[in-house]
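Engineer: So the chains spell out like this:
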Amino acid sequence: AQSVTQLGSHVSVSEGALVLLRCNYSSSVPPYLFWYVQYPNQGLQLLLKYTTGATLVKGINGFEAEFKKSETSFHLTKPSAHMSDAAEYFCALSGSRLTFGEGTQLTVNP
Amino acid sequence: DAGVIQSPRHEVTEMGQEVTLRCKPISGHDYLFWYRQTMMRGLELLIYFNNNVPIDDSGMPEDRFSAKMPNASFSTLKIQPSEPRDSAVYFCASSFLLGGQGNTEAFFGQGTRLTVV
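Chains as they are written, first to last, in the working numbering: chain G, 687 to 796; chain Z, 343 to 459.
Here chain Z stands alone, though its shape is the one from the complex (with noise of 0.2 Å):
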């Protein structure tokens, strides 16, 4: 398996616009979370989904952030309108529930890279 896909890697955008994460899991998991990461806040879990449902998605900042997983082996995290203030690393992870009794490790994408201006 290729790892966990995401693109682009890197999306340089302008104030308003909207912007669109994609991230591609590793076949046959079933978690699938999406993660920002930044120097004041660190890596921050914005939402998760189990068997292409949202489970949690209580660290979504704010309604302009949408995630959605249409099938097992795709997902998108968009922000409309996007801000200078969601800059940051979106990191796309995945993994599949251990014994049931938790994950195993989760496997993370390259990450995307966004800079808005």
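Only chain G is shown next, with the shape it has when bound in the complex (with noise of 0.2 Å):
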């Protein structure tokens, strides 16, 4: 069975700082994995995915996420936090479903 997990619902970061948001994956294939972003009343909108080769993966918005198949993880950073990050961020596994991680809560703080 697919799994995400997500750890910790709530981040909070000072404007400037590291961003680290991170998610953790159980899969018996492969896997395809997602991060989404939703900002506050809109739908989610992909921030970056990763599928096949590079391991790190650039998104937008200056996020990246690295694959990392020995520690089952695809954590999400940003070097430096904006305001305009403030929102929620999924993490989702592809199989013939989306699994997606119970969401993280970013703020930023000025």
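Calculated from the structure, these hints are not laboratory results.
C-beta atoms are modelled at their ideal positions from N, C-alpha and C, and glycine is treated no differently.
Possibly wrong hints are sitting among the right ones.
[Unchecked claim] From the derived model, a few chain G residues whose C-beta atoms are all more than 12 Å from chain Z:
#1 705
#2 706
#3 763
[Unchecked claim] Covered stretches of chain Z, going by a simulated chain G footprint (3 or more residues, C-beta under 8 Å):
#4 380 to 391
#5 446 to 453
[As the list claims (entries may be wrong)] Below, simulated SDA-like cross-link-like pairs (lysine to any residue); rule was C-alpha separation at most 25 Å, straight line:
#6 G:735 / Z:388
#7 G:735 / Z:452
#8 Z:420 / G:728
#9 Z:366 / Z:353
#10 G:735 / G:708
#11 Z:366 / G:727
#12 G:735 / Z:366
#13 G:744 / Z:345
#14 G:735 / Z:438
#15 Z:366 / G:744
#16 G:755 / Z:439
#17 Z:366 / G:726
#18 G:744 / G:793
Fit chain to chain and form the complex, with the hints in mind.
Structural biologist: Printed below as a string of structure tokens:
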């Protein structure tokens, strides 16, 4: 069975600080992995994805994530947080259906 | 393509009434998903279709909920009768299979905010 675990339902950082949102997965086949962002009162928007190839993937708004098979992780990072990054972030795993994590609410403090 | 289109964007209805939510997936996508999002339960998968056929409806909460996909470009989610606890944002998403290994990313609609009073 597939599963996704996001560590930390709430993360708070200062503006300009490093953003690190954690995601671990369980899959019996090579995974496709995604990060989505949801701003208030909006739908989910794709930030970045890993399917095959390079394990470090870059997305929109300066975010990137690294696929680490040995650690079954796909953590999302951004070197310097901006106020506009405040949102909810979802990690997802693909099989015949997408399996989503519980989400992490990111707060950026001035 | 205009993306996944959902209607209505907002729906307010009285308890006991029938509610129908609509979704037009992206052309060429052969998977369609219905999700519900609430503060208490987060994002829940209700049902998904492949090539217009329901594959997994184990997330549908009760018999009051039903979903159909009569063709590749249209799906409905119906609640009859509606109850206040059905109040949530309902999302439709579509995707396609990539290389036989898994689905590519799901493209989400803007959602329907349902309020049952």
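Engineer: Can the restraint linking residue 735 (chain G) and residue 708 (chain G) be considered satisfied, given a maximum Cα separation of 25 Å?
Structural biologist: Measuring from Cα to Cα gives roughly 15 Å; hence the hint holds.
Engineer: Is residue 366 (chain Z) within 25 Å of residue 726 (chain G), Cα to Cα?
Structural biologist: Holds, because 23 Å separates the two Cα atoms, which is no more than 25 Å.
Engineer: Holds or violated: are the alpha carbons of residue 735 (chain G) and residue 388 (chain Z) at most 25 Å from each other?
Structural biologist: Holds, at about 24 Å.
Engineer: Hey, residue 735 (chain G) versus residue 452 (chain Z), does the alpha-carbon distance stay inside 25 Å?
Structural biologist: Holds - the C-alpha atoms of residue 452 (chain Z) and residue 735 (chain G) are around 20 Å apart, at most 25 Å.
Engineer: May I ask you to check that residue 706 (chain G) keeps its beta-carbon over 12 Å from the closest beta-carbon of chain Z?
Structural biologist: holds (21 Å)
Engineer: Against chain Z, does residue 763 (chain G) keep a CB gap of more than 12 Å to every residue?
Structural biologist: With a cut-off of 12 Å, residue 763 (chain G) remains clear of chain Z, as the shortest Cβ separation is near 19 Å.
Engineer: Do the alpha carbons of residue 366 (chain Z) and residue 353 (chain Z) lie within 25 Å of each other, as the hint requires?
Structural biologist: holds (17 Å)
Engineer: Take the C-alpha atoms of residue 366 (chain Z) and residue 744 (chain G), compute the straight-line distance between them, and say whether it is at most 25 Å.
Structural biologist: Violated. Residue 366 (chain Z) to residue 744 (chain G) sits at ~30 Å, over the 25 Å cutoff.
Engineer: Can you tell me if the segment 380 to 391 of chain Z counts as covered by chain G, using C-beta to C-beta distances under 8 Å and a minimum of three residues?
Structural biologist: That given contact holds, which follows from 4 residues of the segment 380 to 391 of chain Z lying within Cβ reach (below 8 Å) of chain G.
Engineer: Check whether the Cα positions of residue 735 (chain G) and residue 438 (chain Z) lie no farther apart than 25 Å.
Structural biologist: This hinted pair holds, its Cα atoms lying about 15 Å apart.
Engineer: Please count how many residues of the segment 446 to 453 of chain Z have a CB within 8 Å of a CB from chain G and say whether that reaches 3.
Structural biologist: holds (count 8)
Engineer: Please confirm whether residue 705 (chain G) is truly not at the interface, meaning its C-beta sits more than 12 Å away from all C-beta atoms of chain Z.
Structural biologist: holds (21 Å)
In summary, the structure is inconsistent with hint 15 from the numbered list given earlier, while agreeing with all the others.
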